[in-house]
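Chemist: Residues per chain, in single letters:
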Amino acid sequence: MNNEMNITFKSISANEAFARISVAAFVSSLDPTLEEINEIKTVVSEAVTNAIIHGYEENPHQTIAITCTLSEDNLTVIIEDFGLGINNIDLAKQPLYTSKPELERSGMGFTIMENFMDKVEIHSVPDEGTKVTMVKEFKKSKTLCN
Amino acid sequence: MNLSMQFVRMENVLVLRLEGELDHHAAIELRAAWQEQIRVHKIQHTILNLENLHFMDSSGLGVILGRYKELKQLNGEMVICSINPAVRRLFDMSGLFKIVRYESNEHFALLSLGVAS
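The listed protein sequences derive, respectively, from chains G and V. Numbering-wise (full-length UniProt numbering), the first sequence opens with residue 1 and increments by one. Numbering-wise (full-length UniProt numbering), the second sequence opens with residue 1 and increments by one.
To be clear, the hints were calculated from the coordinates, so they are not data collected in a lab. A few of these clues could be false.
Below 25 angstroms or equal to it, Euclidean Cα-Cα: the simulated SDA-like pairs (lysine to any residue) are [what the hints assert, rightly or not]:
| # | chain 1 | residue 1 | chain 2 | residue 2 |
| --- | --- | --- | --- | --- |
| 1 | G | 100 | V | 91 |
| 2 | G | 100 | V | 111 |
| 3 | V | 42 | G | 94 |
| 4 | G | 93 | V | 86 |
| 5 | G | 139 | G | 10 |
| 6 | G | 100 | V | 96 |
| 7 | V | 69 | G | 98 |
| 8 | V | 69 | G | 94 |
| 9 | G | 10 | V | 29 |
| 10 | V | 98 | G | 111 |
| 11 | V | 69 | G | 102 |
| 12 | V | 98 | V | 70 |
| 13 | G | 100 | V | 92 |
| 14 | V | 69 | G | 53 |
| 15 | G | 10 | V | 3 |
| 16 | G | 119 | V | 89 |
| 17 | G | 100 | V | 69 |
| 18 | G | 139 | V | 42 |
| 19 | G | 93 | V | 93 |
| 20 | V | 72 | G | 101 |
| 21 | V | 72 | G | 96 |
| 22 | G | 100 | V | 3 |
| 23 | G | 93 | V | 69 |
| 24 | V | 42 | V | 112 |
| 25 | G | 100 | V | 73 |
Keep in mind that this is a model prediction, so the values were computed, not measured.
Using the sequences plus the hints, can you model the full thing?
Modeler: In structure tokens form, the structure reads like this:
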């Protein structure tokens, strides 16, 4: 099935739950497993949290955009902010690295995204923002192809 | 609120039972409430019961690691018990169980800290 949805919302932490539940609801037509649902919810939560904490430094008056596309049994999720951007993407992706240890960040966000999704791409421009594109293939299609 | 927290004190041990979802939003509230328990009630150890925690992301790991460090400063310990598989995956990925003890249930966790439940 081909389908698409867009949502934009304010950069407040209460919207982290809204974002992950919305994306989970969008993929429900693929009849995902509980594990797949949990993976999707976790990676959306990670990327939206990054946008709030790092992109906007917790300024609640900014905007975060999510675009989800379903093409056959592949889901593409794009999570975008228009904030500070990431200076060094390779460093940011390192497990346990955090630029904000004082906020008790674990530094596991990108590691979790890369573990739970089939493809993760980060595009970031300082002072323009960060766009995280993630792709997941749902297991049903793999079974049918085999 | 998506996360509910139950605090039970037994001697110098705090039993903290979490229910619901632990993300960045909830982690801010959890950190404040947990720190207050440690300070006000002279808590040395924490047993973190995650039996009813259905969702957690890396912000949860951050707040747990933060309290682990805080308790360690007080010569205290943290013991985690009763974790569901989805949440367990994040702990395994982060290697947190290399430094924090895990027990299968709250009773064993209490025994491990010398408290009879």
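Chemist: Residue 42/V and residue 94/G were given as a pair; does the straight-line alpha-carbon distance stay at or below 25 angstroms?
Modeler: violated, 37 angstroms
Chemist: Between residue 98/V and residue 70/V, does the CA-CA distance stay at or below 25 angstroms?
Modeler: Between residue 98/V and residue 70/V the Cα gap is close to 17 angstroms, so the pair holds against 25 angstroms.
Chemist: Taken at face value, is the distance from the CA of residue 53/G to the CA of residue 69/V at most 25 angstroms?
Modeler: Measuring from Cα to Cα gives roughly 22 angstroms; hence the hint holds.
Chemist: Given the hint that residue 69/V pairs with residue 98/G, does the C-alpha gap stay at or below 25 angstroms?
Modeler: holds, 17 angstroms
Chemist: Is residue 100/G close enough to residue 69/V, meaning Cα to Cα at most 25 angstroms?
Modeler: Distance ~16 angstroms between residue 100/G and residue 69/V Cα, so the pair holds.
Chemist: Is it true that the CA of residue 42/V sits at most 25 angstroms from the CA of residue 112/V?
Modeler: holds, 20 angstroms
Chemist: Please work out if residue 100/G and residue 111/V have their alpha carbons no farther apart than 25 angstroms.
Modeler: Roughly 37 angstroms between the alpha carbons, so the hint for residue 100/G and residue 111/V is violated.
Chemist: Would the hint linking residue 72/V and residue 101/G be met if the CA-CA limit is 25 angstroms?
Modeler: Satisfied, since the Cα-Cα distance of roughly 18 angstroms is no more than 25 angstroms.
Chemist: Within 25 angstroms, alpha carbon to alpha carbon, are residue 119/G and residue 89/V?
Modeler: holds, 19 angstroms
Chemist: For the pair supplied as a hint, residue 139/G and residue 42/V, is the alpha-carbon distance within the 25 angstroms limit?
Modeler: violated, 50 angstroms
Chemist: Has the given pair, residue 98/V with residue 111/G, been kept, meaning a C-alpha gap of at most 25 angstroms?
Modeler: holds, 18 angstroms
Chemist: Below or equal to 25 angstroms on CA atoms is what counts here, so check residue 93/G against residue 86/V.
Modeler: The given pair, whose Cα atoms are some 22 angstroms apart, holds under the 25 angstroms limit.
Taken one by one, the earlier hints fail for this structure at numbers 2, 3, 5, 18, listed in ascending order.
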